[in-house]
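Novice: Residues per chain are reported as follows:
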Amino acid sequence: MWERIRLEPSRFALHLAVLLIVAMWTLPTAGLLVSSLRDKNLIATSGWWTALTTTVRSAQTRTGEAAVQVEQDGRFVISGNLFEGAGDGPGTITAFGTRVAKPDEFAVGTTASYEDGRTLTVNADGAYSYTSPVKFEDGRGQRVFYMTAVPPKFTTENYSNVLFSQGIGRAFVNSLTVTIPATIIPILIAAFAAYALAWMKIPGRGFMISVVVGLLVVPLQMSLIPLLKLYNASGFLSKTYLGIWLAHTGFGLPFAIYLLRSYIAGLPRDLIESAQVDGANDFKIFRRIILPLSFPALASFAIFQFLWVWNDLLVAIVFLGTEPDKTVLTYQLNSLLGSRGGNWEILTASAFITIVVPLLVFFSLQGYFVRGLLAGSVKGG
Amino acid sequence: MADIKLTNLNKSYGQVHILKDVNLEIKSGEFIVFVGPSGCGKSTLLRSICGLESISSGTLEIDHAVVNEVPPSKRGIAMVFQSYALYPHMSVYENISFALENQGVPRAEIKTRVEKVADMLQLTPYLTRLPKALSGGQRQRVAIGRAIVRGAKVFLFDEPLSNLDAALRVATRMEIAKLKRGMPQTTMIYVTHDQVEAMTLADRIVVLQAGRVEQVGTPMELYEKPGNTFVAGFIGSPKMNLITGAPAEKAKCKTLGVRPEHLDISTKASAGSMQGTVEYTEVLGSDSFIYVATEHGLITARENGRTAVRTGDKVHLKPVEGQVHRFDDNGKRIEGK
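Residue numbers (our numbering), protein chains in the order written: chain Z, 22 to 402; chain R, 21 to 357.
Misleading hints may appear alongside valid ones.
If you want the ones that stay clear, here's a sample from chain R, every Cβ over 10 Å from chain Z, calculated [stated by the list, open to error]:
1. Asn43
2. Arg166
3. Asp214
4. Arg224
5. Arg232
6. His336
Beyond 12 Å from chain Z on every Cβ pair, some chain R residues (computed) [as the list claims (entries may be wrong)]:
7. Glu73
8. Glu241
9. Pro267
With a cut-off of at most 30 Å between alpha-carbon atoms, the simulated DSS-like pairs for lysine-lysine come out as follows [what the hints assert, rightly or not]:
10. R:Lys338 x R:Lys274
11. R:Lys40 x R:Lys94
12. R:Lys94 x Z:Lys222
13. R:Lys270 x R:Lys259
14. R:Lys136 x Z:Lys305
15. R:Lys200 x R:Lys152
16. R:Lys152 x R:Lys136
17. Z:Lys347 x Z:Lys250
18. Z:Lys222 x Z:Lys61
19. R:Lys270 x R:Lys288
20. R:Lys131 x Z:Lys305
21. R:Lys200 x R:Lys131
22. R:Lys338 x R:Lys352
23. Z:Lys305 x R:Lys94
24. Z:Lys305 x R:Lys152
25. Z:Lys222 x Z:Lys305
26. Z:Lys222 x R:Lys25
27. R:Lys40 x R:Lys274
28. R:Lys352 x R:Lys334
29. R:Lys288 x R:Lys334
30. R:Lys40 x Z:Lys222
If you are wondering where the hints come from, they were derived from the structure by calculation, not from laboratory data. C-beta: ideal position from N, C-alpha, C; glycine also.
Just chain Z, with the same shape it has in the complex (with noise of 0.2 Å):
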């Protein structure tokens, strides 16, 4: 018990560093969460990190028209709310001014004066009363200048915008389309690959992992205009998904087979020899015995598999095209960035979008690499 509460310095410091780096990306994330669910009025005027509080802004409107003016005790007077011209719903007003430059000049409920005796009222909820000795005959109304107290607001507004009005939504379910099958196929046919390099007895064996290893360090921008030329020629593997599954199949296939052959290679001996004994052939064993335990390194090459398939886009721009229909999220934020690059609300929602599956990938299967499946199958275990 008191090893446990006992704070060494080397422990002290590791803790503090992985603090320090969950801080470094969960702080982030956060406010790109914040950010894109907040008003995108309120995006432009404050952070995220005010979102809960009300946000003092300035902002200007005009009185009504000179048509809605009444005579009242000798004086014209035009009456009515800032609110109603606004764009913005009911908000606190705190100051009001006649100047652009001063737009807190006078406080709320009090009277500020023109030169030509002309007055405005501006009370806190937005009702004002506007008067002159003199008929008004300006078509358009006076300009006001008011601090108004906006409360935080939320809303899923940008989320549906851009879903549905930029495209994203589109390329959300094409990014998905790509990247699944380019994870499977892989996992596929690597477990297999890396049974048969880790367990069975063929000729050139240790030449073929020295090949798949030496492969590791291919840069695939390499192979980019061969494939291509292949692809064109095949005619049926051009600008499909078929061809870019096969592709990231391809590009992930060595370090997926280096991965799981270093670790079923590491499974014990004996637990494969007694299936020998127990009459299971290679397949079997690769099914029954291979597969449930090489579970973890298949969870950890999946995330490496995912994360690198979705956040690509030099591949899928070269094997799937930038034709609309077929472009993928990093393509469409890409895009984004340059035509809306101002509209924060729509960048931070379509960021959001595009981080949230690895997220949820990478926690429902980061459990497998904490657990360990071989408890219990040898000894001590």
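Position chain R against the provided structure of chain Z, taking the given hints into account.
Specialist: This is chain R only, laid out in the frame that chain Z set:
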């Protein structure tokens, strides 16, 4: 029925020659134990019989059929691994039934056979558990159950008790002996480096050294008539004293072997006795071991119960008449007086 015959069996990994001309005949229903120091090839020999290792040259026959190229599962053998090798993701039931499943035995029959074995090994309450939820002894019984359920003609055990603690080891040893009595027709081959296991379980012991069979015989044959100095020194605890020099020459041999229990300790010199100083003593209650430094080296003697001898005492050791072993220049046993 399962006679096993090994003829000039050799096994080498590249340049390394592991098994050298092993010849051995095992009769059906025998309990054979392979013993030897680590690295002597006893596990390799067992694995060759099992089929997990290929044979470099020579023949292996089971029931008069050469099975050199027959895969393990077709040899009618079952193996209990040192690590038990239970499938960690399968329940006890699935572990036991896996082999039957592979043989295509009907589901209903698998069930009755597994339940029968589980009942026999007191595993019935644990059938649905995973191996990690079992104790060491229970895992061991599951491993044995896997072998029994297949109805194999030959059981191979690769140091099955080495992972158990001392008390459990004795209990499991007796269980294995009982198991063998219950299956008189089944041949069992058992690898161990523990000579107590070898002496208590075996019908015949095969002593191996550096890939060669040194001697084959019943436990008492090996104990009473070791064929050479290696077997003499390997079987029996504490080791047999192997004395060279004057006492050996007097007995007309190169090496004279005397077991500790066959030495009389006396404070007085007598004809043929060796003088020495007691280095230290080990008193175990039931018996005592006395280590005496003599001019012929350190000699171990045994006395019943406690001993009166103290460290530093001058004593005289004399072999009991007719209880000495003589070995020639090559270490071979010389028969007769």
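Novice: For Lys288 of chain R and Lys334 of chain R, compute the direct alpha-carbon distance and say whether it is at most 30 Å.
Specialist: holds, 9 Å
Novice: Run the distance test for Lys338 of chain R versus Lys352 of chain R: straight-line Cα separation, threshold 30 Å.
Specialist: Distance of about 23 Å is within 30 Å: holds.
Novice: Given the proposed pairing of Lys305 of chain Z with Lys94 of chain R, does the C-alpha separation stay at or below 30 Å?
Specialist: Holds, at roughly 16 Å.
Novice: Given the hinted pair Lys94 of chain R and Lys222 of chain Z, is their alpha-carbon gap at most 30 Å?
Specialist: With a Cα-Cα distance of about 19 Å, the restraint between Lys94 of chain R and Lys222 of chain Z holds, given a limit of 30 Å.
Novice: Is the straight-line distance between the alpha-carbon of Lys152 of chain R and that of Lys136 of chain R 30 Å or less?
Specialist: holds, 23 Å
Novice: His336 of chain R clear of chain Z by more than 10 Å, beta carbon to beta carbon?
Specialist: His336 of chain R clear of chain Z: closest Cβ-Cβ about 49 Å, beyond 10 Å.
Novice: Regarding the pair Lys347 of chain Z and Lys250 of chain Z, is the alpha-carbon distance no greater than 30 Å?
Specialist: Between Lys347 of chain Z and Lys250 of chain Z the Cα gap is close to 20 Å, so the pair holds against 30 Å.
Novice: Run the C-beta distances from Pro267 of chain R to all of chain Z and say if the shortest one exceeds 12 Å.
Specialist: holds, 46 Å
Novice: Does the no-contact call for Arg224 of chain R survive, Cβ to all of chain Z over 10 Å?
Specialist: For Arg224 of chain R, whose nearest Cβ neighbour in chain Z is about 24 Å away, the distance exceeds 10 Å, so it holds.
Novice: Lys352 of chain R and Lys334 of chain R were given as a pair; does the straight-line alpha-carbon distance stay at or below 30 Å?
Specialist: With Cα atoms ~33 Å apart, Lys352 of chain R and Lys334 of chain R exceed 30 Å; violated.
Novice: Does Lys305 of chain Z lie within 30 Å of Lys131 of chain R when you go C-alpha to C-alpha?
Specialist: holds, 21 Å
Novice: Would you assess whether Glu241 of chain R, listed as outside the interface, keeps its beta-carbon beyond 12 Å of every beta-carbon in chain Z?
Specialist: Its Cβ never comes within 12 Å of chain Z, the nearest being 32 Å, so this holds.
Hints 2, 7, 18 and 28 from the earlier list are contradicted by this structure; the remaining hints agree with it.
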